[in-house]
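If you read the sequences in order, they're chains A and B. Just so we're aligned: 147 in the working numbering is position 147 of the first sequence, and the numbers increase by one with no gaps anywhere. Just so we're aligned: 5 in the working numbering is position 5 of the second sequence, and the numbers increase by one with no gaps anywhere.
There could be a bad hint or two in this list.
[As the list claims (entries may be wrong)] If you anchor each label on the Cβ, the simulated ranges turn out as follows:
1) A:294 - B:60: 41 to 51 Å
2) B:114 - A:294: 38 to 48 Å
3) A:255 - B:56: 36 to 46 Å
4) B:91 - A:140: 52 to 62 Å
5) B:23 - A:62: 54 to 64 Å
6) B:80 - A:297: 32 to 42 Å
7) A:185 - B:110: 50 to 60 Å
Derived by calculation from the structure, the hints in this document are not laboratory data. We put the CB at the ideal spot given by N, CA and C, even for glycine.
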Amino acid sequence: MGKRIIIVGGGVGGTMLANQLVKKLYPEIQRGEVRITLLSNSPDHFYKPAFMYVAFNQFFHEELKRPERSLLRPEIEFQVDEVTRFDFSGQHVQTRSGKRYGYDFLVIATGCVPAPERIDGLKEAGDHFYQYQAARQLAQRLSTIEKGRIFITVSFPKTPNIPHQCGIAPVETTLMLDDFLRRRGVRDKVEIVYTYPTTAQLLRNCLFLQRPTGEILPGVFEQKNIRFQRGFTLSRVDPDRRVAYSEEGDEQPFDILMATPPIRAVDVVLESGVSQAENHEGWLPTNHETLQVYGLEGVYVIGDTVDLPVSKAGGACHNQAPVIANNITAEIRLGAPGAVYDGRVQAVAQMGLNAGMPLWYDYAHDVLPTPPSKLGGLLRNGFNRGLYWAVARGML
Amino acid sequence: MDALNESPVISASVNMLKPDHNAGLEALLNKLQPLLDGGRMDNIVDVLALVSDLVDLLDSALVEKLAGLFEDATAVSWSLGNAVRMAKAETSAEEAPPSLYGLLSLLREADTRRGVALALRTLNAIGKQC
Ligand SMILES: Cc1cc2nc3c(=O)[nH]c(=O)nc-3n(C[C@H](O)[C@H](O)[C@H](O)COP(=O)(O)OP(=O)(O)OC[C@H]3O[C@@H](n4cnc5c(N)ncnc54)[C@H](O)[C@@H]3O)c2cc1C
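Take the sequences, apply the hints, and build the full model.
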């Protein structure tokens with residue numbers, strides 16, 4: 001029997017990788033020596049960064065999803081089925097429908113989920129834009145607030161050196177919020193306060209998780225009359241009094257609490273028992289270079305489930321997918337993986353409703369901020385509206 | 001903040017230097033000299049003017065339409081490319097060309113019937129536009 005490759009998760013990581021594997025392994029697939037199966041618990045693929053725009057009434061639900069099947073090469077077997085258990089020693093996965101899928105290579109691409117319930121009162125009183133429904137609710141609030149105080153907080157995973165999802169999103173949405181309220185003509189009556197926790201990966205008392213970007217933020221915020229505060233690590237929220245409390249002993253009132261919530265891996269990964277991450281967060285122990293899961297034979301991980309110090313971003317998946325595709329191909333053809341991930345992530349950050357800032361970094365280099373520009377904003381819009389789907393298909 | 005405070009000092013000192021004191025600028029001027037002499041630098045200025053006009057003309061709505069066109073075009077060429085690649089691989093794997101009966105039995109497969117329906121509906125829609 002040929003080699004069976006199973007990818008779990010039809011998000012951006014799993015989809016790109018499946019398509020790239022078909023391309024790499026085409027001769028073997030043609031000869032029936034390799035079979036690629038993608039299992040996902042949703043028939044649809046969501047362009048998650050669009051949730052951020054949903055919060056500002058800029059994207060319709062229908063525009064941010066496509067049927068997953070339409071993004072996959074026809075050689076890929078696609079099943080809508082949720083994986084409920086990984087049996088690594090038996091080399092198979094168990095699914096909700098009761099089926100068992102054996103594998104020779106397994107790629108875990110199940111992403112992560114927001115977990116506001118992990119902070120007392122946050123689920124009841126906080127708003128976020130990391131899922132569609134939550135973003136719609138936030139949009140409703142932002143579209144109707146006339147005066148008051150919008151308090152922005154960011155929570156990091158408790159596992160050291162692991163970032164929150166999409167590092168730059170809190171800054172992007174703060175600047176979009178400022179523009180949005182100006183357009184509505186209520187900005188002078190709404191106070192915006194951006195806060196960042198005391199510990200942000202390796203940094204202390206900063207406004208961002210990388211120093212060069214953190215250093216330009218005060219200037220950017222001051223120009224727009226956005227208040228900012230370092231050292232606010234959200235510890236609990238009082239939904240009745242509408243007050244956010246910090247571990248540092250501070251308390252801040254709010255009318256809207258726009259919070260980047262804690263995140264965790266999905267249930268089946270948490271329950272797999274492979275993760276040693278703190279606070280039962282579930283990040284898989286990932287080889288920085290090969291992207292194999294330490295201690296497991298033939299198992300790789302991509303995207304938001306890794307425990308790497310790089311941003312949990314589509315721009316990270318974009319650089320991880322070719323490495324995994326090469327490594328699985330090399331394992332099949334040569335017996336050992338050879339490609340190396342250098343930690344590269346690239347993106348175009350949305351800096352306000354119209355401006356954009358292209359950026360990149362890797363394990364060895366921080367982002368070097370450039371001035372936000374209209375051209376950058378148009379590039380980002382073009383990516384959101386069309387280029388993304390070609391990227392997911394593995395064409396770009 | 002520190003970085004912001006430093007930057008004007010640096011740019012001021014650059015402005016104060018004469019070009020012949022700045023090796024980088026001098027090297028650049030040397031390279032540009034033939035373009036200046038030939039009057040071809042005007043083309044560069046034209047291009048810059050054109051680019052800046054285009055950037056001014058582009059707006060989010062236009063970019064959205066262009067991106068939509070891009071997606072439509074890539075999705076169609078991707079599907080067709082996939083279909084041809086796969087059909088070619090399967091056909092060339094067959095030792096002898098399929099018999100008439102073999103061709104007909106392809107129609108028994110649901111995927112084939114779906115493909116035929118798509119082709120017929122495509123023709124139907126083209127007909128509507130004639
Ligand atoms: C608001 C927001 C803004 C963002 N902005 C940017 C940005 O500007 N740039 C950028 O690069 N990134 C951005 N990101 C991050 C980016 O969306 C994620 O990093 C990326 O989607 C991660 O890809 P993934 O494949 O690891 O996981 P996901 O895309 O989350 O996909 C996981 C998939 O696994 C499936 N799944 C889960 N559990 C199971 C199971 N048990 N069985 C089967 N299937 C399962 C899910 O249905 C889903 O299809 C943003 C994210 C958000 C939420």
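I want to verify a distance hint. Is the separation of the beta carbons of residue 91 of chain B and residue 140 of chain A within 52 to 62 Å? 55 Å, holds
CB-CB spacing for residue 56 of chain B and residue 255 of chain A relative to the 36 to 46 Å hint: For residue 56 of chain B against residue 255 of chain A, whose Cβ atoms are near 38 Å apart, the range 36 to 46 Å holds.
Has the hinted range 38 to 48 Å been met by the Cβ atoms of residue 114 of chain B and residue 294 of chain A? 44 Å, holds
Mind checking the hinted window 41 to 51 Å against the Cβ distance between residue 294 of chain A and residue 60 of chain B? 45 Å, holds
So does residue 80 of chain B sit 32 to 42 Å from residue 297 of chain A, Cβ to Cβ? 39 Å, holds
Are residue 23 of chain B and residue 62 of chain A spaced within 54 to 64 Å by their CB atoms? With a Cβ separation near 57 Å, residue 23 of chain B and residue 62 of chain A satisfy 54 to 64 Å, so the hint holds.
With 50 to 60 Å as the target window, see if residue 185 of chain A and residue 110 of chain B comply at their CB atoms. Holds, at about 57 Å.
Every hint, counting from the list given before, is met by this structure.
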